[in-house]
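Asker: Can you build the whole structure from these sequences, using the hints too?
If you read the protein sequences in the order shown, they are chains A and B. Going from the first sequence to my numbering is simple: count from 1 and add 11. Going from the second sequence to my numbering is simple: count from 1 and add 8.
I should point out that these hints are in silico values taken from the structure, not numbers from a laboratory.
Looking from chain B toward chain A, a few residues come up when the C-beta cut is under 8 angstroms (computed):
#1 N316
#2 G608
#3 G650
#4 Y652
#5 L653
#6 A662
#7 I664
Straight line, CA to CA, 25 angstroms or less: simulated PhoX-like cross-link-like pairs of lysine-lysine:
#8 K464/B with K434/B
#9 K262/B with K239/B
#10 K56/A with K563/B
#11 K629/B with K589/B
#12 K604/B with K647/B
#13 K604/B with K56/A
#14 K561/B with K56/A
#15 K629/B with K604/B
#16 K626/B with K589/B
#17 K470/B with K629/B
#18 K441/B with K537/B
#19 K56/A with K647/B
The beta-carbon is built from N, C-alpha and C at its ideal position, and this holds for glycine as well.
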Amino acid sequence: MSFETATEKKVIVFQLKDEEFAVSVQQIGSIERIQTITRVPNTAKFVKGVINLRGVVTPIIDLRSRLGIEETDYNESTRIIIVYLEDMEVGLIVDAANDVIDIPTDIIEPAPEVIGVVNQDYIEGVAKLENRLLILLDLRKILTTEEITELKTVEGQ
Amino acid sequence: MDTTQYLDVFIDESNEHIEMLYRKLLELEKNPNEKAIIEEIFRSAHTLKGMSATMGYNDLATLTHTLENVFDAIRYDQVQVQSEMIDLLVETVDHLNTMVENIASGGDGSHNITKVANQLQMIEQGKLLVGADTRFEQVEELDNTISTFTNIDEFELSILNESQERGFQNYDITIQLREDCLLKGARVFMVFEVLEQLGEVIKSDPPVSDLEEENFDFTFSVILISNQNAKEIEGKIKKVSEIDSVNVNPFSVKKYRESKENNSSIKENTESNSNNNEEHKNKEQQEPAKNQHKTIRVNIEKLDVLMNLFEELIIDRGRLEQISSDLKNADLQDTVERMARVSSDLQNIILTMRMVPIDHVFNRFPRMVRKLARDLQKQVDIEIIGADTELDRTVIDEIGDPIVHLLRNAIDHGIETPEERLQKGKLEKGTIKLKAYHSGNHVFIEIEDDGAGINKEKVLSKAIKNGLLTERESDALTEQQIYELIMASGFSTADKISDISGRGVGLDVVKNTIESLGGSISIDSELNKGSIFSVQLPLTLTIISVLLVELNKEKYAIPLSSIIETAIVSSEQIHSAHHKKVIDFRGKVVPLVNLKDVFGIPNTKVDEEYTSIVIVKKGEKMAALVVDSFIGQQEIVLKSLGSYLSNTFAISGATILGDGQVALIIDSNAIIK
Numbered sequence: 012m013s014f015e016t017a018t019e020k021k022v023i024v025f026q027l028k029d030e031e032f033a034v035s036v037q038q039i040g041s042i043e044r045i046q047t048i049t050r051v052p053n054t055a056k057f058v059k060g061v062i063n064l065r066g067v068v069t070p071i072i073d074l075r076s077r078l079g080i081e082e083t084d085y086n087e088s089t090r091i092i093i094v095y096l097e098d099m100e101v102g103l104i105v106d107a108a109n110d111v112i113d114i115p116t117d118i119i120e121p122a123p124e125v126i127g128v129v130n131q132d133y134i135e136g137v138a139k140l141e142n143r144l145l146i147l148l149d150l151r152k153i154l155t156t157e158e159i160t161e162l163k164t165v166e167g168q
Numbered sequence: 009m010d011t012t013q014y015l016d017v018f019i020d021e022s023n024e025h026i027e028m029l030y031r032k033l034l035e036l037e038k039n040p041n042e043k044a045i046i047e048e049i050f051r052s053a054h055t056l057k058g059m060s061a062t063m064g065y066n067d068l069a070t071l072t073h074t075l076e077n078v079f080d081a082i083r084y085d086q087v088q089v090q091s092e093m094i095d096l097l098v099e100t101v102d103h104l105n106t107m108v109e110n111i112a113s114g115g116d117g118s119h120n121i122t123k124v125a126n127q128l129q130m131i132e133q134g135k136l137l138v139g140a141d142t143r144f145e146q147v148e149e150l151d152n153t154i155s156t157f158t159n160i161d162e163f164e165l166s167i168l169n170e171s172q173e174r175g176f177q178n179y180d181i182t183i184q185l186r187e188d189c190l191l192k193g194a195r196v197f198m199v200f201e202v203l204e205q206l207g208e209v210i211k212s213d214p215p216v217s218d219l220e221e222e223n224f225d226f227t228f229s230v231i232l233i234s235n236q237n238a239k240e241i242e243g244k245i246k247k248v249s250e251i252d253s254v255n256v257n258p259f260s261v262k263k264y265r266e267s268k269e270n271n272s273s274i275k276e277n278t279e280s281n282s283n284n285n286e287e288h289k290n291k292e293q294q295e296p297a298k299n300q301h302k303t304i305r306v307n308i309e310k311l312d313v314l315m316n317l318f319e320e321l322i323i324d325r326g327r328l329e330q331i332s333s334d335l336k337n338a339d340l341q342d343t344v345e346r347m348a349r350v351s352s353d354l355q356n357i358i359l360t361m362r363m364v365p366i367d368h369v370f371n372r373f374p375r376m377v378r379k380l381a382r383d384l385q386k387q388v389d390i391e392i393i394g395a396d397t398e399l400d401r402t403v404i405d406e407i408g409d410p411i412v413h414l415l416r417n418a419i420d421h422g423i424e425t426p427e428e429r430l431q432k433g434k435l436e437k438g439t440i441k442l443k444a445y446h447s448g449n450h451v452f453i454e455i456e457d458d459g460a461g462i463n464k465e466k467v468l469s470k471a472i473k474n475g476l477l478t479e480r481e482s483d484a485l486t487e488q489q490i491y492e493l494i495m496a497s498g499f500s501t502a503d504k505i506s507d508i509s510g511r512g513v514g515l516d517v518v519k520n521t522i523e524s525l526g527g528s529i530s531i532d533s534e535l536n537k538g539s540i541f542s543v544q545l546p547l548t549l550t551i552i553s554v555l556l557v558e559l560n561k562e563k564y565a566i567p568l569s570s571i572i573e574t575a576i577v578s579s580e581q582i583h584s585a586h587h588k589k590v591i592d593f594r595g596k597v598v599p600l601v602n603l604k605d606v607f608g609i610p611n612t613k614v615d616e617e618y619t620s621i622v623i624v625k626k627g628e629k630m631a632a633l634v635v636d637s638f639i640g641q642q643e644i645v646l647k648s649l650g651s652y653l654s655n656t657f658a659i660s661g662a663t664i665l666g667d668g669q670v671a672l673i674i675d676s677n678a679i680i681k
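Answerer: See the structure below:
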């Protein structure tokens, strides 16, 4: 048993358009319903703004926009997944957060060359589970601020 | 015994005692015969000795033991306090300080103390003693009878003396309450309130504490300094009910002194020295001694957590208020209102818990000034006013260095050498006044010296020489602007660069530090009379006052500290210059900045006849920010946008409004170019 748990990874599965993505639960603070977002001017297009998350001002990224998928309106199933990475705390807007599952680490494969719409730079790997294909996201790449700083300086001037 | 777990406490307490020793030694220098001070020094040295012996720091214990012995000797009049002695004592405390610092940084606190310990022993044996014992003994006999007051001390007398010189009148007032008066304490309180409006109460008989506890018959007396005449004072006191009689007599210091002269002819010299400075200082220092409160140490992080939790509560309170006003249930509304009241009290308490008296910064200054003045062979007195003024801990931690710099600057450049001062007809001894006080949401700290002042011509020629401005520009400058030049980087007026100040990097760093704290600094000066540097600081860094404005349904906050004023201008007042919109604001051309353009907000409003503007400043520059409407002024809690969005253009942070929404705080400094 202990052998099995050691080689399993608990992930949160969420949906963007018609694909399923996964992020390790260890990086996730909470899952929130969509709420009023205060726009922050002069930031990148995918930065939707900030929300008040129990007294902490938290930046929100539209993950669709970040991954280059066309944006849609938010609805009842839209969720904000709060993720932690190093000293950053950021909310990701996703279409729906489906479930939490354990995936055996040995079925995680490196990203194949072609995997649909998502730029493969952001992909840590894929996991095939019965009839589901989960794309594991590399949060570090998603939250990298280099591009954002670039965008900001352009708009700032 | 394992002592490591007590180390932090030991270091904290040792520092406190050392601080106390320094302070009391300096006081002792001014009042060499004050028994209370000697007692306190003795006690501090004794405690320190005990602690260090327990902790096993032998050198520290030995030296404090020697120090203690000296004060023991002084206590029992075997040794007379002299100024040369104070030097050595201060040096001793310096050694103690070094040792404690060594321990704090992980050392064993060993230090070569033989020399200083030997010198201390010589004092103890009276080697430095100059035959003045007789004088000392007489001090002890100092008591006498005159009018109602028998125990006015030298300090109080010197205040009274001073007030007479300044044209105030001293009164000896005796008040008799009616015998059927029930609440004597309350009446006394009312009388004191009247008295305090009339002038200053210097002394009361019986003492105030007894009066408060009603430990007196029906009569009490006070000495009052006032500029009103006796009749008026009598009339005003009589307005308090249940007073039988009021007796107002002029009080003469001279007479009082004369009657004392008979008994003793002492302390003339100490007294002639005592001037205004010392009085104020003594007053400051006596007050805290009177009301010593019990305290506990709390980690500042815990207070931060408390503050955060409280903010969440405030936001929920806002929601509750919203809900209750929607539901219109009387009981609910009542409860919510009560909760609102309680929570605002709670907020005050939490905020004040983070407040620390500025004394934490100020208390090391007398020592520093004394040493610096010696090094520069100048005579300088420092007078501290308002050391109990409280500031947020975060601000306290930051302002120490800038103030040290300003003080050094005042001693080095402001105060002249004793010879120069005599030539100018001033007292040999220069005075630096360090004053702190609250005003509105700000704390003001003023550093005032009675030195040479700032030579405008010299500043200007230097600034031109250093390429800070051209001669043409210099003609247009106001006095204030000229003085402020000395805080520009790459400026130094001292003819000679000393290692104390005068590298020209100092004052601009001071200015930057203060501005980064959300404060400002201004200079006023008069040639040969002195200069005043005033620093204005926000009370706290986390709670600021802002003006909330609306831009197309989005709410933004502009810190009040950067706002000059708000206005509504009509379209005729907006002019065009170089394809830019400007307005004429009190004779100055101010560029108009449309915040909607800056923040990329679609401009839905068609050109209207009137435009709301907020005029903001950055140093001397100004800009008029165009907004849709003003919402109002509010106290907000400053929050960061998080490290993901840490450097967003023109946004310095965010805050959470009462309805739970986030509003962004505009950094007007970034907008003004």
